[in-house]
Amino acid sequence: MSIEPSVRVEDKLFYNRYLVDAGRAHIKVRPHTTPSPELLSMLKACPARCYELSDKGQVEITVDGCIECGTCRVICEASGDIEWSYPRGGYGVLFKFG
Amino acid sequence: MIEEKFDAIVVGAGMAGNAAALTLAQRGLKVLQLERGEYSGSKNVQGAILYADMLEKLIPDFREDAPLERHLVEQRFWMMDDRSHTGLHYRSDDFNEEKPNRYTIIRAQFDRWFSQRVREAGATVLCETTVTELAQDAYGKVIGVRTDRADGEIHADVVVLAEGVNGLLGTRAGLRARPQPDKVALAVKEMHFLPRETIEARFNLRGDEGVVIEAAGTISRGMTGMGFIYANKECISLGIGCLVADFQRTGETPYGLLDRFKRHPSVAPLIEGSEVKEYAAHLIPEGGFNAIPQLFGDGWVVVGDAAQLNNAIHREGSNLAMTSGRIAAEAIFQVKSRKDPMTADNLSLYKKMLDESFVIKDLKKYKDMPALMHTQSQNFFLTYPELVSRAMQNFLRVDGTPKVEKERTTFKSFVKARSWSGLFGDAFRLARAWR
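Residue numbers (full-length UniProt numbering), protein chains in the order written: chain A, 1 to 98; chain B, 1 to 435.
The shape of chain A in the complex, shown without the other chains (with noise of 0.2 Å):
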């Protein structure tokens, strides 16, 4: 499960503008104990990374760095694995260039 070691996908976001939405997250993972095969493949899938694996083997996200690609929504929504919005209206990523 190992990420190429060259690319942090960290700095590729620092370029980005964003206006975070504190508190209120527009992504959320339902609840789970073992994550279902869809949830663990956005690990992976995600472009901006927020799907990480905590301690104990769950699958958390964090939403600050995401680009609303919808691709999780796409993988996991019809799973009930997570609750997809957009953010509210001017929060989330704001593209320059686009």
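One should not assume that every hint holds.
Here's a subset of chain A near chain B, in silico, CB distances under 7 Å, partners left out [unchecked claim]:
1. K12
2. Y18
3. A25
4. V29
5. L40
6. S41
7. I67
8. G70
9. T71
10. G89
11. G90
12. F95
13. K96
14. F97
Distance condition first, Cα-Cα at most 27 Å in a straight line; then the derived DSSO-like pairs of lysine-lysine [to be verified]:
15. A:K44 <-> B:K277
16. B:K361 <-> B:K351
17. A:K44 <-> B:K262
Pairwise CB distance ranges, derived in the manner of DEER restraints [as the list claims (entries may be wrong)]:
18. A:P31 <-> B:H89: 51 to 57 Å
19. B:R196 <-> A:P37: 45 to 51 Å
20. A:K28 <-> B:R119: 31 to 37 Å
21. B:H89 <-> A:A22: 39 to 45 Å
22. B:R196 <-> A:A78: 43 to 49 Å
23. B:R119 <-> A:P37: 44 to 50 Å
24. A:V20 <-> B:K361: 43 to 49 Å
25. A:F14 <-> B:G422: 33 to 39 Å
26. B:A344 <-> A:E10: 47 to 53 Å
27. B:E120 <-> A:D55: 54 to 60 Å
28. A:D64 <-> B:P60: 41 to 47 Å
29. B:R146 <-> A:K28: 19 to 25 Å
These are calculated hints, taken from the structure and not from any lab test. Glycine included, each C-beta is placed from N, C-alpha and C at the ideal position.
With chain A's structure known, arrange chain B on it following the hints.
Same frame as chain A, but now just chain B:
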């Protein structure tokens, strides 16, 4: 609540939404356009290539002040393996015409300009407003939208859903299915800034001439996908996308693919020394004709990416979005002019008009391609690119081997990798899906 009632509410200010709002407003309808971003374009991501013809139908004089990057004089297709590319280049001075056919654009800037034109035509554009759900009456007819503003519900005769590939409203209301992993691609993109002269020298350009490179092969690691490199004035848009189902299956990372694409010996020299200023990701509808949902109903129509209107083979999306937005608006205007209600029956005019346009005709032509590319992804995106590269190298390297033997080696490598029946089968399947 906003008390006044609108003729139409357009959800989204991308290409489809702007085309719809502009067309409706130009015809004198009372239009409200809602956009969740800080400004129109702030949430939109594309490669991006603009096809002039479809915009010209909306705004004939767009070349006077639209933020265009470069007009395209050259197209390159690259079939890549890990160390090489076999290219098909087409470059013509004919593209240096008075009214060029294709341009590169930067979507956030272009959409801002487009939105200004929509406002000038008389539409009310409300940004920083996320539409949370459709408002429906007891019979299920869409009568407006609810937003995240305190005064939430707004009413209109018809709602144009231009909410993009990942649109939530239509799926939440049960009007269409949510996008499926094997019907959408995830693309990631970076903006690489370099001095203008450097870009022009590296891509062999003069003035505002531009080049696009579309690349497929082992860069997608056997997944169905493509890379792209577009020259803008002072930056290069560089990205790669693959089917979401393939990312899910293989465990490849989008940024890992992008990184390998950037480090490829054919790509690295083009972006060397550049400063990256943005990293974006977006879904692309790839399901084609068979993935198009119900396009209209009581009080609503759906346009653009939200309706899966994208031609993956020709990499045309925003022009289909613009065209579907315009056609939907024209259909709505016709219904309105007859003073008819916005029922599903009456709005079926939109589908009828769209069916007669290039949008549906093109998608129908390639209706079997998405399934073929997906089921044959290992062959088309891994085996063949490697075989072609070996064949080219064998052809070009002069080492005293008689040419007859060289040819035999190449033939053998193809037959060994795919067998005769496999080769003919692939050719047959491709020809049939292309037809």
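Hint by hint, here is what the structure shows:
no.: 1; hint: K12; result: holds (4 Å)
no.: 2; hint: Y18; result: violated (11 Å)
no.: 3; hint: A25; result: violated (15 Å)
no.: 4; hint: V29; result: violated (17 Å)
no.: 5; hint: L40; result: violated (9 Å)
no.: 6; hint: S41; result: holds (5 Å)
no.: 7; hint: I67; result: holds (5 Å)
no.: 8; hint: G70; result: holds (3 Å)
no.: 9; hint: T71; result: holds (5 Å)
no.: 10; hint: G89; result: holds (4 Å)
no.: 11; hint: G90; result: holds (3 Å)
no.: 12; hint: F95; result: holds (5 Å)
no.: 13; hint: K96; result: holds (6 Å)
no.: 14; hint: F97; result: holds (5 Å)
no.: 15; hint: A:K44 <-> B:K277; result: holds (23 Å)
no.: 16; hint: B:K361 <-> B:K351; result: holds (12 Å)
no.: 17; hint: A:K44 <-> B:K262; result: holds (19 Å)
no.: 18; hint: A:P31 <-> B:H89: 51 to 57 Å; result: holds (55 Å)
no.: 19; hint: B:R196 <-> A:P37: 45 to 51 Å; result: holds (48 Å)
no.: 20; hint: A:K28 <-> B:R119: 31 to 37 Å; result: holds (36 Å)
no.: 21; hint: B:H89 <-> A:A22: 39 to 45 Å; result: violated (50 Å)
no.: 22; hint: B:R196 <-> A:A78: 43 to 49 Å; result: holds (47 Å)
no.: 23; hint: B:R119 <-> A:P37: 44 to 50 Å; result: holds (47 Å)
no.: 24; hint: A:V20 <-> B:K361: 43 to 49 Å; result: holds (45 Å)
no.: 25; hint: A:F14 <-> B:G422: 33 to 39 Å; result: violated (47 Å)
no.: 26; hint: B:A344 <-> A:E10: 47 to 53 Å; result: holds (48 Å)
no.: 27; hint: B:E120 <-> A:D55: 54 to 60 Å; result: holds (56 Å)
no.: 28; hint: A:D64 <-> B:P60: 41 to 47 Å; result: holds (44 Å)
no.: 29; hint: B:R146 <-> A:K28: 19 to 25 Å; result: holds (20 Å)
Consistency note: the structure conflicts with the earlier hints numbered 2, 3, 4, 5, 21 and 25.
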